[in-house]
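Student: Residue numbers (our numbering), protein chains in the order written: chain A, 1 to 126; chain B, 127 to 304.
By construction, these hints were calculated from the structure, which means they are not laboratory data.
Each residue gets a CB set at the ideal place from its N, CA and C atoms; glycine is no exception.
Hints should not be assumed to be uniformly reliable.
[Said to hold, decoys possible] If we take Cβ atoms under 7 Å as the criterion, some of the chain A residues that face chain B in the derived model are: (1) 37; (2) 39; (3) 72; (4) 73.
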Amino acid sequence: MKKATIIIAVILAFSLFSFIVYAIGSPPKISVTITDTNQAFDVTVQGHKVKANYGTTDNPDVIIKMDSKTLVAVYSAEDFRQEAVNQYKKGNLQVEVRADYATLALKGYKAIFDSFEQAVKQGMSG
Amino acid sequence: MVDARLVQYLKTYLSQGYNREQLESHLVAQGWNRNDLDQAFGQISPKAEKPKFSFFGKPKQQVQQKPQFQQKPAVQAQPVMQAKPVREERPRAYAEAGVAHVERPSSHFVPVAVLACVFLLVGMFFYSYFYVINPTFVTKPVLTKPDLPTVGSAVSTKQVEYALNELDFYKLHGNPVG
Numbered sequence: 001m002k003k004a005t006i007i008i009a010v011i012l013a014f015s016l017f018s019f020i021v022y023a024i025g026s027p028p029k030i031s032v033t034i035t036d037t038n039q040a041f042d043v044t045v046q047g048h049k050v051k052a053n054y055g056t057t058d059n060p061d062v063i064i065k066m067d068s069k070t071l072v073a074v075y076s077a078e079d080f081r082q083e084a085v086n087q088y089k090k091g092n093l094q095v096e097v098r099a100d101y102a103t104l105a106l107k108g109y110k111a112i113f114d115s116f117e118q119a120v121k122q123g124m125s126g
Numbered sequence: 127m128v129d130a131r132l133v134q135y136l137k138t139y140l141s142q143g144y145n146r147e148q149l150e151s152h153l154v155a156q157g158w159n160r161n162d163l164d165q166a167f168g169q170i171s172p173k174a175e176k177p178k179f180s181f182f183g184k185p186k187q188q189v190q191q192k193p194q195f196q197q198k199p200a201v202q203a204q205p206v207m208q209a210k211p212v213r214e215e216r217p218r219a220y221a222e223a224g225v226a227h228v229e230r231p232s233s234h235f236v237p238v239a240v241l242a243c244v245f246l247l248v249g250m251f252f253y254s255y256f257y258v259i260n261p262t263f264v265t266k267p268v269l270t271k272p273d274l275p276t277v278g279s280a281v282s283t284k285q286v287e288y289a290l291n292e293l294d295f296y297k298l299h300g301n302p303v304g
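So that you can see chain A by itself, here it is in the shape it has in the complex (with noise of 0.2 Å):
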């Protein structure tokens, strides 16, 4: 009985933990501007699904900044992160982290920052 209980308890934990994450937990917001042709996007992930609409974000997370020559150059590739890392090596795509590491880190950026850190390396050693 004293086992089932605590066997409850954690799955109760790992239950409420999970909705707090997904559920109630304040989204990440990625500003994307298209300095060439002026546009902004106000960028969202809700669900594991990224949600672009037209406009500008208010303390957004990440700020990405490229003109249209650079966006069809990494849409136009077969690696869209290798090239990504080329292009901001260049200095035609620009990010600018404005939240601390540690809601960084709580919004599951470093996912993204290995998967490029791994282009970076694929890139060196190609």
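Chain B: place on chain A using the hints.
Tutor: Below, chain B without anything else, positioned relative to chain A:
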């Protein structure tokens, strides 16, 4: 009224060389009442068999090897004194007094609780890392690739969504504490 089996038990082991003190300590540990024991010893011998102090060391009968109380006495030949007082056979004095048989708490709860807490902490750590900080097991949504944007022309929201989806931005989620 003293239990006849108790008297018989005492007589048997006294005759084998055990002294009153040894038998008393053993039976009290088994849950017997001292009053009952005193009465039983009184029935056996009015002199009560108290251990005699001697300048010359212990009396001979005390030098014998320790009684092997770990062994169960023979069932048929002698009165059976079980290692633990079983509920239905506990000393009569306790039953008459209506004293509840209090069981000692299970000794397994604390290690199980500690182990459960350790598993919980380890589980929370792995969950926090692989689902919150570095989401690893998220399925990538499959999006239809929109038409290629042209340089200088307006960019659509679908093109931005597709680009960010390919850059693993789908792994992001809400801040659990903000």
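Student: Indicate, hint by hint, whether the structure satisfies it.
Tutor: Going down the list of hints, with the structure as the test:
The restraint placing residue 37 (chain A) at the interface with chain B holds, with a minimum CB-CB distance near 6 Å, inside the 7 Å limit. For the restraint placing residue 39 (chain A) at the interface with chain B, the shortest Cβ-Cβ distance is roughly 6 Å, inside the 7 Å limit, so the hint holds. This hint holds: residue 72 (chain A) has a C-beta 6 Å from the nearest C-beta of chain B, less than the 7 Å allowed. Violation of the interface hint for residue 73 (chain A) is found here, the shortest Cβ-Cβ separation to chain B being roughly 9 Å, above the 7 Å cut-off.
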